[in-house]
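Asks: From just these sequences and the hints, can you work out the full model?
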Amino acid sequence: MIDGDSIELERLRQLEPLSSLSDERLNELISLADVEKVGVGVCLFREGDIDNQSVYLLKGDVQLSNADESIDTLVSARSEAARFPLDAKQPRQVSAVAMTNVELIRFDNTVLDYLLTWDELTAVDAQQATTTVVTQPALVAAGTTASGAARARSLAPSADGSEGGGAWLHRLRHVMAFRHVPPANVAPLLERMTAVKVKAGDVVLRQGDPGNHFYVLTDGQARVTRVVELATLEPGASFGEESLISGAARNATVTMESDGTLMRLAKDDFEELLKEPLVHGVAPDQAQVLVSTGAIWLDVRQAREFHHNHLPGAINIPLHELRSRVSELQPRQRYICYCRTGQRSSAAAFILSQHGIKASVLRGGLQVLPTMVTSAQ
Numbered sequence: 001m002i003d004g005d006s007i008e009l010e011r012l013r014q015l016e017p018l019s020s021l022s023d024e025r026l027n028e029l030i031s032l033a034d035v036e037k038v039g040v041g042v043c044l045f046r047e048g049d050i051d052n053q054s055v056y057l058l059k060g061d062v063q064l065s066n067a068d069e070s071i072d073t074l075v076s077a078r079s080e081a082a083r084f085p086l087d088a089k090q091p092r093q094v095s096a097v098a099m100t101n102v103e104l105i106r107f108d109n110t111v112l113d114y115l116l117t118w119d120e121l122t123a124v125d126a127q128q129a130t131t132t133v134v135t136q137p138a139l140v141a142a143g144t145t146a147s148g149a150a151r152a153r154s155l156a157p158s159a160d161g162s163e164g165g166g167a168w169l170h171r172l173r174h175v176m177a178f179r180h181v182p183p184a185n186v187a188p189l190l191e192r193m194t195a196v197k198v199k200a201g202d203v204v205l206r207q208g209d210p211g212n213h214f215y216v217l218t219d220g221q222a223r224v225t226r227v228v229e230l231a232t233l234e235p236g237a238s239f240g241e242e243s244l245i246s247g248a249a250r251n252a253t254v255t256m257e258s259d260g261t262l263m264r265l266a267k268d269d270f271e272e273l274l275k276e277p278l279v280h281g282v283a284p285d286q287a288q289v290l291v292s293t294g295a296i297w298l299d300v301r302q303a304r305e306f307h308h309n310h311l312p313g314a315i316n317i318p319l320h321e322l323r324s325r326v327s328e329l330q331p332r333q334r335y336i337c338y339c340r341t342g343q344r345s346s347a348a349a350f351i352l353s354q355h356g357i358k359a360s361v362l363r364g365g366l367q368v369l370p371t372m373v374t375s376a377q
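First residue of the sequence shown: 1, per this note's numbering; consecutive thereafter.
Among the hints, erroneous ones may be present.
[Claimed, not checked] The calculated lysine to aspartate or glutamate pairs, modelled on EDC-like cross-linking and capped at a C-alpha distance of 16 Å, are:
hint : residue 1 : residue 2
1    : 89        : 47
2    : 59        : 36
3    : 197       : 219
4    : 37        : 61
5    : 59        : 8
6    : 89        : 49
Simulated from the structure, these hints should not be mistaken for laboratory data. Remember, it's a predicted structure, so these values are computed and weren't measured experimentally.
Replies: So, in structure tokens, the structure goes:
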């Protein structure tokens, strides 16, 4: 059952890789999840599940086991192992069963890795900043203009955590509309998108018109119709891409049902940033072939995560240290960047490409290569 209790900031600081997050990001995590309390015998997840979640044990004991009995481990909330997610692999390699009454907390991996990526890039930007503080970290990595930085600040929380021109959770909803886009692409997307205030009854798209923009609804509600009503759009929904990709006329009409805000991206920017990704991703089998022929695994997670487990032969340079340590890498060497889900590593590959270093990203991250992971002894 979900108890609804919140978790204290200091408790989150004891978890990895959450310990590296700033107070602002930790507070946002607290707002996104509640402590879950379950009884003895309850299964937290099953072997083979794909849930894209990080599950942390806060209190009690959990048994981890698999079908062939090659794994049979009891994890206590008091142990060092509990600082890390229970079975961070996808699909799950084990089933987790509560052996006592337990308390746990779950986070969406995509959200968590976006927060980690932004915070790590913020740390670098803070060291490099001379006159302007940028509150949207990934923007600097992508070469943001002053106007783009200002637009990003309008979408970010104020320094004291209050909601400014645009709430952090609204920005998060906006970014999650691009959850399959690497963070390196999200930065110029945010820079080039323009906010458009709309009123109830405004027609945003009209069926039969040519397509010129892609939209993300960040506030308000809109109705999609094609003779009859097809759907109602809520904040976080995006629309308008079909016409831009196919070149055909708009196939539906979108009308605002309430006052709201849209983020609008021009057709040329859409084609550049969404149709032509800035970062080269490789599938797990392709990545292993590249490594067997000379490429090197580059783990861009925090050092504690790396020491907990990593791929054989990997070197570790955390994302926030990458710019200052890029000279340690060989210019003519190819690197396969990885993190847990592929989010931080995509930002790393973009940074390396700016330095002329060939880098690819392991699609899906470390969780898609569970049998290759080397755990700390």
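Asks: Hint by hint, note whether the structure agrees.
Replies: Status of the hints after comparison with the structure:
1. 89 / 47: holds (10 Å)
2. 59 / 36: holds (10 Å)
3. 197 / 219: Measuring from Cα to Cα gives roughly 9 Å; hence the hint holds.
4. 37 / 61: Holds, at roughly 12 Å.
5. 59 / 8: holds (14 Å)
6. 89 / 49: holds (10 Å)
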